[in-house]
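The listed protein sequences derive, respectively, from chains A and B.
Per the working numbering, the first sequence starts with residue 1, numbered consecutively.
Per the working numbering, the second sequence starts with residue 1, numbered consecutively.
Don't read these hints as lab results, they were simulated from the structure.
Take these hints with a grain of salt, some might be off.
Stated by the list, open to error - Stretches of chain A that chain B covers, calculated by requiring three or more beta carbons in the stretch to come under 8 Å of a beta carbon on chain B: (1) 24-33; (2) 314-328; (3) 371-380; (4) 384-392.
For clarity, every value in this text was computed on a predicted model and none was experimentally measured.
Beta carbons are placed, not taken as given, at the ideal position from N, Cα and C, and that holds for glycine.
Residues per chain, in single letters:
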Amino acid sequence: MRTICFYFQVHQPFRLKPYRFFDIGEDHHYWDDFSNRSIMRKVAQKCYLPMNALLLDLIHQYNGGFKVSFSISGTFMDQMQAYAPDVLESFQKLVATGHVELLNETFSHSLASLKSKDEFKNLVYQHQSKIKELFNGYTPKVFRNTELIYSDQIGAMVAELGYEGMLTEGAKHILGWKSPNYVYVNSIEPKLKILLKNFRLSDDIAFRFGNKAWDDFPLTTDKFVNWINAIPKEEETLNLFMDYETFGEHQWAETGIFEFMKSLPEAVFSKTDFGFSTPSEVISKIPPVGKIHVPIPISWADEERDLTAWLGNDLQDEAFDRLYDLEKLVNTIDDEEIKRDWKYLQTSDHFYYMCTKFFSDGDIHSYFSPYDSPYDAFINYMNVLSDFMIRLKEKSNLVSI
Amino acid sequence: MRVLMFGWEFPPHISGGLGTACYGLVKGLTYHNQDIIFVVPKLWGDEEPMADFVNASDVSIDYREKKFKSIWKNLTYLEVSSFLVPYLGPEEYKKFTDYAIHDRTDVDESIFSTKYEFSGKYGKNLMEEVSRYALTGAQIARDRSDFEIIHAHDWLSFPAGIAAKEISGKPLVAHVHATEFDRSGETVNQIVYDIERAGMHAADHVVAVSQLTRNTIIKKYGVPAHKVSVLHNAVLDASIIQSNFQKKVPEKIVTFLGRITFQKGPEYFVEAAKKVIDRDPNVRFVMAGSGDLLNRMIDRVAELRIATKFNFTGFLKGKDVDHMYAISDVYVMPSVSEPFGISPLEAVRHNTPVIISKQSGVAEVLTNAIKIDFWDIDAMADAIFALLHYNGISRMFKELGSEELKKLKWEHVAAKLVTVYEKTLSQKS
Numbered sequence: 001m002r003t004i005c006f007y008f009q010v011h012q013p014f015r016l017k018p019y020r021f022f023d024i025g026e027d028h029h030y031w032d033d034f035s036n037r038s039i040m041r042k043v044a045q046k047c048y049l050p051m052n053a054l055l056l057d058l059i060h061q062y063n064g065g066f067k068v069s070f071s072i073s074g075t076f077m078d079q080m081q082a083y084a085p086d087v088l089e090s091f092q093k094l095v096a097t098g099h100v101e102l103l104n105e106t107f108s109h110s111l112a113s114l115k116s117k118d119e120f121k122n123l124v125y126q127h128q129s130k131i132k133e134l135f136n137g138y139t140p141k142v143f144r145n146t147e148l149i150y151s152d153q154i155g156a157m158v159a160e161l162g163y164e165g166m167l168t169e170g171a172k173h174i175l176g177w178k179s180p181n182y183v184y185v186n187s188i189e190p191k192l193k194i195l196l197k198n199f200r201l202s203d204d205i206a207f208r209f210g211n212k213a214w215d216d217f218p219l220t221t222d223k224f225v226n227w228i229n230a231i232p233k234e235e236e237t238l239n240l241f242m243d244y245e246t247f248g249e250h251q252w253a254e255t256g257i258f259e260f261m262k263s264l265p266e267a268v269f270s271k272t273d274f275g276f277s278t279p280s281e282v283i284s285k286i287p288p289v290g291k292i293h294v295p296i297p298i299s300w301a302d303e304e305r306d307l308t309a310w311l312g313n314d315l316q317d318e319a320f321d322r323l324y325d326l327e328k329l330v331n332t333i334d335d336e337e338i339k340r341d342w343k344y345l346q347t348s349d350h351f352y353y354m355c356t357k358f359f360s361d362g363d364i365h366s367y368f369s370p371y372d373s374p375y376d377a378f379i380n381y382m383n384v385l386s387d388f389m390i391r392l393k394e395k396s397n398l399v400s401i
Numbered sequence: 001m002r003v004l005m006f007g008w009e010f011p012p013h014i015s016g017g018l019g020t021a022c023y024g025l026v027k028g029l030t031y032h033n034q035d036i037i038f039v040v041p042k043l044w045g046d047e048e049p050m051a052d053f054v055n056a057s058d059v060s061i062d063y064r065e066k067k068f069k070s071i072w073k074n075l076t077y078l079e080v081s082s083f084l085v086p087y088l089g090p091e092e093y094k095k096f097t098d099y100a101i102h103d104r105t106d107v108d109e110s111i112f113s114t115k116y117e118f119s120g121k122y123g124k125n126l127m128e129e130v131s132r133y134a135l136t137g138a139q140i141a142r143d144r145s146d147f148e149i150i151h152a153h154d155w156l157s158f159p160a161g162i163a164a165k166e167i168s169g170k171p172l173v174a175h176v177h178a179t180e181f182d183r184s185g186e187t188v189n190q191i192v193y194d195i196e197r198a199g200m201h202a203a204d205h206v207v208a209v210s211q212l213t214r215n216t217i218i219k220k221y222g223v224p225a226h227k228v229s230v231l232h233n234a235v236l237d238a239s240i241i242q243s244n245f246q247k248k249v250p251e252k253i254v255t256f257l258g259r260i261t262f263q264k265g266p267e268y269f270v271e272a273a274k275k276v277i278d279r280d281p282n283v284r285f286v287m288a289g290s291g292d293l294l295n296r297m298i299d300r301v302a303e304l305r306i307a308t309k310f311n312f313t314g315f316l317k318g319k320d321v322d323h324m325y326a327i328s329d330v331y332v333m334p335s336v337s338e339p340f341g342i343s344p345l346e347a348v349r350h351n352t353p354v355i356i357s358k359q360s361g362v363a364e365v366l367t368n369a370i371k372i373d374f375w376d377i378d379a380m381a382d383a384i385f386a387l388l389h390y391n392g393i394s395r396m397f398k399e400l401g402s403e404e405l406k407k408l409k410w411e412h413v414a415a416k417l418v419t420v421y422e423k424t425l426s427q428k429s
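Bound conformation, chain B alone (with noise of 0.2 Å):
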């Protein structure tokens, strides 16, 4: 089968998971021999030649073509100069911000012209990057007839599918790896939203990163439940990691890693920390990442007095990542909403028992974990302390998390995801 799939970014240049999603799903796609035009706004010529690459900035739009016109009318509301930025919490925002007024190329006439040179990022005109994304969407559904179903990422490349499937009448899968209700809990940015369900909408299928995403958009987009399946993801490699990596504090280790931000639940780590420390002394917490929640746990962890047991490391990266898990006694992801999350799978590969958030997705294909809900910092407490103390539970957690995680390949998600294609082209026809 031949797929035309768009998406935002593709490793190695990539700020978020979904980057890390895609390329997965083009492995697994690939070893069930489909080809894949991968379209992305920006490419940078050292991606993996895995699929039929289409950067988004080459292609010349023809604005001759009518039907381009009523799409682009359809689309002109998303123009209006929104300061939106959809992943990144406010002090981030502001760096992306401040990178994209330097980086900004003057936008009239850069939106006439035939060729749009996309930064790729989630910057300052993000919106008008995913309006004109649809636009070529659209030219490159009418220049290749050469595919049978089109399949978009998230909301970014959701009206580019949509231009995409108006142009083509080619049926169109819209994957949801994360919903704006994750990003931003209840205060949700309604143009977001909006593109959301709209894509869902116009979708013939909808995929979803885990059962919980599912829920979201069956509940809070109305789409129907009949049209929804769920695809966990995979880890890309999941051989064991043996790190000769040493501790070198006498102290048990127990490591919250990713962005400090609302949805992470960075607070009831801290709060739970506070009551295992209080019990057992031989402990040390470890909160690595940075986001805008940051400075609000560094107080918190003084107003608390519990400094000298609980470190922050900052942003890490490359070996360092791999460092932290090595040496952790215990991970916790305690995600308020987490469509899938993948750094708990990443943890097991380093044999780190792992206790993880019920409102997270992985928390659906890990069962040698323990799961607790975000907010209750007592059972999140008492959990660590057992790992911590009862060698039996977190050695089975080793032994049977490594072997669970032999399970979650993207191959396995792709032949799943074939027989959505085949299913969806069926009901097409």
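The shape of chain A in the complex, shown without the other chains (with noise of 0.2 Å):
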């Protein structure tokens, strides 16, 4: 059988307060609490508790025909335990259905699989077992780098710490004339199955699905089901990957997407021969067709598919590499804030509102930062970063002694 695999990001970062040159070396909070706490409790309300329940119904009804999985941030993880336990004990019903697969990821949704194996490894490590602590010993097998970025020497790294398959975008530059409906490998470990994202589809409900100006608006799931049955044949699987605010928050309720995901399975079941799959599912069952060459690291943002909505301007790539200069010697101190801050200041999003290509995807940019520009998000940062390096050489000093 043929099958569709929804894979689901969910995450928020912690982000920063207004931090002013005059707090430097004196105010050693940075994290802005109050919208922190009322972003989550908002989206919590628009989103992830209705999704769930959704989802939930869902699956009950389909005795586990439907399933879905999710890559849940560290970042998250520890906002819903201090704003939304509500929110958490519904992922914690979802888990324990059976039918929902969790993905391992970097506990703080970072960048550091560019920069540092080390680092990389070592948010890995935290975010499985943060997931242990909080899903009842939950053990993930699958990957699920930030924003999708993958290469080959990442999906090397992966297949290292003994994962068996990894998500990435089945960005059009890599795959040429190929079809993301396929299973692939690493090039450099084969034993690392890789599943690719067909944007097509997944950018039709996360992105267009709202969109009074597209052609093919609304999209209705006969619509759906239609291009799903034109896929060929011999196309095995289908990677529906996204957002999970593209529930209620993205497009929100009003645009009937609650609807559309209501009686999507329905129509799949009745109308197609494919069926749902986790992704370790799809990996075990579907062999795998070949190599995929990714030299190059890819993700699933903008029209670029590449990292420079993070990475590549002069404020993203100062802001990055002052960051990890640190990384030797927060390592060499054993401080409970230190390694929290250190875990926070890494999350990706703070480089993503240093992005200055304003003219392509600016749109999507500002609506997803809390700042007014590129240039006041780089400062507000520095300034924290400033402070946080002030605190480290205090700390330093004090072991050394």
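Combine both chains into one complex, guided by the hints.
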């Protein structure tokens, strides 16, 4: 049987508060508790709670015939514990059904895979143990790096950590004539299976669903099922990867997104030869067709599907390099708050806010940014980092005494 | 003596240094028992009552006056709807024009009514306000005969000064606080330049805030040298400020504080910072302020990879400005062109040693400071390093600088101004 594989990215960053120059050296609390809490609560009401309830119903209704997977970032898990225990409980219920797969990533949804193997591993282990702690000893087998960032090297690193599979973007420029609807393997470590996002059908739901200017608006399950049926018979898996906040937050409830998801499984079962699987089921059931070569890292962001949403301009590169300059020093210091701040500062969102690609994807960037401009984002981050460096120096002086 | 003075703004409602200088000057003149009729486009009512204030917005114009017609004829060319905002960069300009559009009353009606509500800002209809202000100047000069001399501050009020002179026949002193060359570099606005030039030539005497500005007036505006005097600015309060505000960072702090615009030379500060940081890890640079070059400076700091040692504060006001001076170990003013530049004197009041560019008027009055060419980033870096590391110099600057400051009083400036008035009057008669 052919299969649809749903994967949802669940993530919230710890946003920085407006941190002034005069705060450096004095105020060591960097996080905007108020907005982090209120955004979490807002999205919980609009998305996490209603969508989790909807998925739980569907899983019960089809007796496990319908299934999904999540990658829940560590910062999100910390925020659930602090601000939204009700959301945590609803995720725990979903996982307890046995038809929901959890994926591993770096704890803080970081870009560490591009900079430091040691820190990358470190953050992966932290994410692992956080999942274990919150989800009854659950151990993920499949990996999903931050924002689907992937390269041959990153894949090899993930294989080394013992994972069986990994998710990434079915970017046009790496696929060429190939289809994303197969299982591939990493070109260095063939034991690592690679699942590719079908970005056309994924983005029909995630980005275009409520767009009235879109030719195919409104998107109905019938229409969507027709597109699924148009997939050539020999192509076996359809990977629909998207932000979980698609449901109710990026696409408001008024667009009918919840109704669409509610009736999609029925339409798929009755009108197609597709079923639903989790990523680890896909990689165990469907044999790979070949290697996929990704020498230069890709991601699922923006039109370019590259890293330029987070890295590449001087602001981003400076902030990123200065942050990871600190890695060695941080590791010599045994201090809970330092370790926490170090993790949270690595979250990719901070670098995303510094993106200056105003004219192509700037709209989407400014939607997600708490700052007026990338320059404001940079100044604020560097002020915080300046303070963090002062703290590190003080602590390490104590250690050496 | 009774002076009819035309300004554009007066504290507390000011957007630049012009208002502060007028305040100091009026205060000094009052000290010497001079009577001032001070005209501003818009009075707010909370100005300190140190002069006989005239609110230009309250003055009704009598159009039957024949002489006005010829003045008006000469001014109409200014009415060409000009999007000109002289003191602002493009970004601030946008903010101001947005403001001006919303704030704008109907032009035609207000122009030909007998009263005119001035905004007193540097807005979109600035040229219209400047022209209209000139008519008001004429009307005031006709209504009041109780003054002996006219004194106009900067180009905005020069047309008013000229008109008042034409009506009354009294001598005019034109006071130049900044020229178009300081504000715009070599790309001067011709209309503004023409007004400045007309004012200087119509004046019986011209006062410049520095030798530097005097040279510009002579060279670029063709004013005969004997007609131009220098009257340096002063400080309102020369006392040393003992701040309890404590620095929270371990590094020494080197500060730039001002508008981040071409005129202020921020890019030279950034380049010098890079040189110092490469040599000395124990230093932190701060750029305080905002302006149209801010983002370019941020980009450059990131590109030079010094952002953990170089912070931006954004626009500072009130107490934060004092705090910034107080925690600074060195203050740098690398202005490309600065007619005077009061901020280094503020730094001296906070016992902070200063580095100033030779291209600033303040360099003429402040002896105990390091003076460099704005473009000489090596010299700037050397000076910063020296002030941070060789305590002897900075200690000396602190002691002598505060002594010097005590000499820079508005009373002294006003006393010189009175001499200028007297000389001008005697030449006239």
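Do the hints match the structure? See the list:
With 3 residues having a beta carbon nearer than 8 Å to a beta carbon of chain B, the segment 24-33 of chain A meets the requirement of three or more and the stated coverage holds. A stretch counts as covered by a chain when three or more of its residues have a beta carbon under 8 Å from one of that chain; for the segment 314-328 of chain A and chain B the count is 7, and the coverage holds. Coverage of the segment 371-380 of chain A by chain B holds [criterion: at least 3 residues with CB-CB distance below 8 Å; count 4]. Counting residues of the segment 384-392 of chain A whose CB lies closer than 8 Å to any CB of chain B gives 4, so the stated coverage by that chain holds, three being the minimum.
The structure agrees with every numbered hint stated previously.
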